[in-house]
Amino acid sequence: MTEAALEYRDLDGAEMLRVRDLHAFYGESHILHGVDFDVRRGELVTLLGRNGAGRSTTLKAIMNMVGHRTGSIVINGNETLAMRPHRIPRLGVGYCPEERGIFSSLDVEENLLLPPTVRSGGMSLDEIYEMFPNLYERRRSQGTRLSGGEQQMLAMARILRTGARLLLLDEITEGLAPVINQALGEVLVKLKERGMTIVLVEQNFRFAAPLADRHFVMEHGRIIEEISAAELPSRREHLNSLLGV
Amino acid sequence: MTQEFVLETRGLTKEFRGFTAVDDVNLKVREGHIHALIGPNGAGKTTVFNLLTKFLPPTRGEILYRGKPITGMRANDIARLGLVRSFQISAVFAHMTALENVRVALQRRLGTSFHFWKSERSLEPLNDQALALLDQVGLKDYADVLTVEMPYGRKRALEVATTLALDPAVMLLDEPTQGMGAEDVDRIVELIRRVSEGRTVLMVEHNLSVVSRLCDRITVLARGSILAEGDYAAVSTDPRVREAYMGSEAGETEEAGA
Amino acid sequence: MTMIFGVPLAVFMGQLMLGLINGAFYALLSLGLAVIFGLLKIINFAHGAQYMLGAFAALLGLQYLGINYWLALLLVPLVVGGLGMVIERTILRRIAHLDHLYGLLLTYGLALIFEGTLINFFGVSGASYPVPEALQGGLNLGFMFLPTYRGWVLVAALAVCLGTWFVIERTRLGAYLRAGTENPALMQAFGVNVPQLVTLTYGFGVALAAFAGVLAAPLYPVSPTMGSSLLIVVFAVVVIGGMGSILGAILTGLAMGLVEGLTKVYYPEAANTVIFLVMILVLMLRPAGLFGKEA
Amino acid sequence: GGTAQAQMSDDAVRIGYLADMSGTYRDLAGPGGLEALNMAVEDFGGEVNGVPIEVFSADDRNSADVGANTVREWIDQRNVDLVAGMVASSVSIAVTKVLEENDGLAIISGSAASSITNEHCTPNHIHWVYDTYPLAHGTAKAVVEQGGDTWFMLTADYAFGHALEGDVTKVVEENGGEVVGGVRHPFPTSDFSSYILQAQGSGADIVGLANAGSDTVNAIKTASQFGLTQTGQQLAGLLIFLNDVHAMGLEATQGLLLTTGWYWDMDEQSREWAERYFERVGRMPTMVQAGVYSSTMHYLNAVEAAGTDEPEVVRAQMGEMPVEDFFSRNGRIREDGRMVHDMYLAQVKSPEESTGEWDLYEIKSTIPAEEAYRPLSESQCDLVNQ
Amino acid sequence: MTATTQTLSPSMKRRRRARQRRGALYLALLAIGLVAPFVAYPVFLMKILCFALFACAFNLLLGYAGLLSFGHAAFLATGGYVTGYLLSSHPALTPETGILAGTLASLGLGLVFGALAIRRQGIYFAMVTLALAQMVFFFYIQAPFTGGEDGLHGVPRGQLFGLIDLSSNLAMYYFVFAVFVLGFALIQRTVHSPFGQVLKAIRENEPRAVSLGYNVDAYKLVAFVISAGLAGLAGSTKTVVFQLASLTDAHWHMSGEVILMTLLGGVGTLFGPLVGAGLVVSLQTQLAQSPLGNWVSVILGAIFVICVLSFRSGIVGEIQKIVRKNFK
Ligand SMILES: Nc1ncnc2c1ncn2[C@@H]1O[C@H](COP(=O)(O)OP(=O)(O)OP(=O)(O)O)[C@@H](O)[C@H]1O
Ligand SMILES: Nc1ncnc2c1ncn2[C@@H]1O[C@H](COP(=O)(O)OP(=O)(O)OP(=O)(O)O)[C@@H](O)[C@H]1O
Ligand SMILES: CC(C)C[C@H](N)C(=O)O
Ligand SMILES: [Mg+2]
Ligand SMILES: [Mg+2]
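Chains as they are written, first to last, in this note's numbering: chain A, 20 to 264; chain B, 190 to 447; chain C, 2 to 296; chain D, 619 to 1004; chain E, 20 to 347.
Derived by calculation from the structure, the hints in this document are not laboratory data. Hints are not guaranteed to be accurate.
[As the list claims (entries may be wrong)] Far from chain E by the CB rule (all over 12 Å, computed), these chain B residues:
id, residue
1, 248
2, 289
3, 411
[Unchecked claim] In silico DSS-like links for lysine-lysine, alpha-carbon gap of 30 Å or less:
id, chain 1, residue 1, chain 2, residue 2
4, E, 340, C, 42
5, E, 32, B, 329
6, E, 219, C, 42
7, B, 329, E, 340
8, B, 307, E, 219
9, E, 219, B, 329
Small disclaimer: the values here were computed from a predicted structure and weren't measured. C-beta atoms are modelled at their ideal positions from N, C-alpha and C, and glycine is treated no differently.
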């Protein structure tokens, strides 16, 4: 247990991310219509919703990767709405995009080493390889030559190195085999133990359910429901209806 | 033994700079089956698709369609034979409407696709057919929407509709449900079931409930070669498969499936 | 004397040497193009003009400010490179998000402006820049009389090329460059200041062109059109080497210099097109160029 | 008088000056030539037969089609009476074709190709200052006579270069010399190193430069860099203009033999005109620029004498009148359109000999008008009836 | 299927309205084209029309097949040289035969270029075409029938169909106008044809088009050849108008210029190239006469930059945007 983790222990419960009345646009089209939610330190929350609900866009908006935003996004006490994109990660944020974004001009290992470390206490290369043996095997091959799933792992693994404290993960289980999903689940648990804060956009509810402290349900660019792990069993039906499962 | 197998590979192998992605695969797909190709990430599923549809040249081995070798053919000719694929990452014509997307597939049948002196309007007779197909995948209301503006899940559905438009004898679907909401998944599953009447479907799929619900036969790939083959029950109980692939989840999915 | 296919050995060797020297220029210029294309995905059509500006800056610096050759070799790339950065900040940046075709056209426009303006003030007949004392005279290589200055050009150009190659392929900064090349948005999401990276890269590419310009000043007439004629050939070199491939640009540059040299011996009329012939052949056999990664 | 005015085509005599105003040949004709033209008009009094003389100009950018189209428009839109200037042979030939169709009139001062009054002759143009024939017969002959009898030709790979190369080869061989080799270089070329290298390899005594303008300049510079003269070879520039020598400096060019149609310092009246030109332009005139003045004057005199600007009549009238002025000695215009006049063999002075920035040539000898140019007996021009 | 017609009607209506608006526009332009020679200098107008046709042909490739050719000058020149050579060496030939021959020659060359280049993508395609064009340029410098640097001159305009004397600028103009209208109509139809649809699909997502059974190379090749042929037609006509053919048409600057024209007017718009060509040609000819003469290239360059910076979709493109905003 690193003291980095300890340091975060006692800060548990403090607020890591606060989003207020967030609107986001892609050019003309208005995607987010006032998103409100906050995440406490060390917490793992999920953003659930149907396709097109705006979950990915929410993460992109937090990273300032969408066309235009209004409202307020406070990370670790800093208002970031006015920040240039490259400053945001330096607040200790790690982002794993939906479309993975593996670099074909770099080999697997270069991909892993690419993101600048933003904080101390990130995972070491060995720890990562231990966690994802496939990557170790293919470490010398071009990033995009990996299979869909391997790429997903790489995208995930990449940000574990940077020592980010707040992870924004978009559909990390998409197209992954169940075994890998289990592995990833365990990874997330480990990360929580290390005191990381995680926002998880998930399609695969079975994967998300056991991990999350709270679930936010999105629809049409808004948060329409918040369900805590505790009340989950009782409200499962309601949730399914929301997700149309 | 030729005819009952629509699609057959003999010693199919693909190497990328020394790395063997597909290793001596002998795949046999029966006429009329829904055949699943499953396996851990990187097993070589997509590569197999690319080889079958000639998007990649095989390093070794041959491919037979209805007993005839097609190993030497060009990708678009393969498609003309009735062997049509979808892609793992959605492939649509972004700046065309959903309707036009489907119509482009339909129009090939008219045989006028090189007629640069004909009017576009000569295609409008195809519209009803196109709409019908869109309807099948629940995209009727999107007919006039530009594809860029559709959410990811819808794009996948549109892709299936476009594939259907060719009325292929064999459909190769690479993870048709990937990144879809449960709702859409069910629709697609139903759709595949429906359209598989009178055709053969070969699909890569991770969503086991889908596999269990749909497939007559399953081939499990691991590290590029066939690990096991059989129907769902057989495969899912095969210890090697459970270990290599399904992990503990198999049980649950059966419930989910049932 | 010894003959090679009916050509005196001396002439043959001499031509190869000269080819190598031209090749050094191709290498420098295509290197700059490759670097810029890499990150900005822009075919920098102004590259020829910037090379020409380098030569003119040296010339005017000497005439009006008494800046000597060696100082020019240092200052001019900084100045012209700086100009490049300003252009990037004020103009290119505005179209960064667009189809790269626009970048090509914009820089084409800039090239027209630079060239046209200088033509109005200096005509096209071309002025001459004196060879620095230290490098006057020549070396007798046995097979030929090589003007010292040309020897120097070869050495200087190669040194700069290799330095650049090392930085890009072997350092962390280089990795950023290559990654930013592919997905700048994501690089920002990792905390890399991409806009700054872009500006510096363009500036550097332009500086390389200017450096080549200064090297060229004492060799060729310094005229506003000196660049545009060279540019198309250099394009070809970049393509043969493989777009954006650093090593490719350098080696191909030198190789093409040699090829051209040989053509001048055996079939001079073809000298100015042989490179294009090579380019077509290469693209037929290796679509991504000699050193390019197949997509 | 009134009667004359009646015969003028319209309310003005319009002279269009067409030349390379910005390109390789800018300095030998270009704006300077236009200035010379204006001088002529002013000296003539700005009007002829009671109508004003209008001058306009355009840049042909050494491109045949730009030139031809400009002239076509001048005819259709501005009914031009005389087209003057014209440098690149390609442009001149194109322009004369247009003029022939629309029976206009042109006087060519800049071009070199002798074909302009040979296979390309028309009744609608006159070739004034010089051409490749005298260049060869002047310079080449002299060089061979001085003992340079093995030649290596460095030729601009286009019509003018070919013509010059041809004429020179003929002359060299007629005089017992031999052309042992040669190379044709693209037009224009800035890097001559490899060609010079071949010249050195050839072992010829003389390296003949059958090119012009910046090509010649660069060839000469490169030659000195590669120590061509140290190794006992000699350069023969076959077409060199005053501005070229001025640009290269005497250090690099001293001793060069060259043939010229005129030199500003060759006698009193030439100096007198040249000084006036210098006043206005700040440079000494080339033979082409002087030729523009001389030819324009001759044209205006002819118009006045004929009392009309009717091209045919004027052309005939010009043929009648001998050309005798500061520029031309024993000059007359032949039926093929060639204005023959005395030519001069000059040598570039050494820095020591030179007394001033523009004191560049020493006239060695005069080539009489009748010997200087291709005899009509050899002409392929169909205006000439053998 | 009532449902069908319902869901379709909005788009159908829109298309029909667009069609009507286009129809009106065509008539207007046709009228303008017919009276123009009485207002402006016919030769100048003919120059514009020739380059407009050239640009339209280029636009077919860039705007609708997504292929940036940097070697289109080669086709312009080939048309010009072949026509010029035939007409001046065989005075018996009528101009239209000469033009036909020139067009066919470019068509053939297009086939060769296409066969070599079509498999290459994006920037590589541009570069291969550029390289091929450079070699053609080199060939034309050396080839005897082009007159090398001097070019071909005094090409007779001759009698159209052996009847109409084209030496009159007016007659010539109406011929050129007719040629342009035909070429333009062909392009416009090609774009809105089944073939056009497939082209678009290929431009959007090539692998998908392949997987739908389309031989994409064949489609691109056809588009390329059509474009080459029309470029040749432009060159041939131009040669008859100006009675000369020269290297300027074969030089890569010409390939750059046609891009300029197309962009200025609006890539992928039907009228863009026409407008662009008109503007560029006017600028060049008008400025060349004015005191600004030496600044032509600077001004063109500036326009280029401003254009790319402030109105990218070109003049026509921008206008269309405005129209769409206000009329829908
Ligand atoms: N680049 C874009 N331009 C325009 N609209 C976009 C863009 N990206 C997404 N959208 C639209 O924004 C809406 C939300 O997209 P988003 O990707 O956030 O959906 P999601 O909730 O992540 O669902 P999924 O990722 O499963 O599709 C969708 O309607 C989508 O069409
Ligand atoms: N073009 C290529 N070059 C080199 N290696 C490749 C290439 N394409 C695929 N591979 C490798 O071949 C193996 C199989 O890849 P493939 O995409 O077929 O896996 P997959 O079964 O589709 O996995 P997933 O389910 O994650 O998509 C992977 O290890 C991948 O890295
Ligand atoms: C030297 C020049 C003024 C003559 C020109 N080279 C010509 O073609 O005639
Ligand atoms: Mg998403
Ligand atoms: Mg796959």
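Taking the hints in turn, this is what the structure says about them:
1. 248: Correct as stated: the minimum Cβ-Cβ distance to chain E is 21 Å, above 12 Å.
2. 289: Residue 289 of chain B is in fact no farther than 12 Å from some Cβ atom of chain E, at 7 Å.
3. 411: Residue 411 of chain B clear of chain E: closest Cβ-Cβ about 27 Å, beyond 12 Å.
4. E:340 to C:42: holds, 28 Å
5. E:32 to B:329: Since the Cα atoms of residue 32 of chain E and residue 329 of chain B sit roughly 18 Å apart, the hinted pair holds (cutoff 30 Å).
6. E:219 to C:42: It holds: about 24 Å lies between the C-alpha atoms, which stays within 30 Å.
7. B:329 to E:340: This hinted pair holds, its Cα atoms lying about 28 Å apart.
8. B:307 to E:219: Within the cut-off at roughly 16 Å; holds.
9. E:219 to B:329: Holds, at about 22 Å.
Violated hint for the displayed structure: number 2, the only one.
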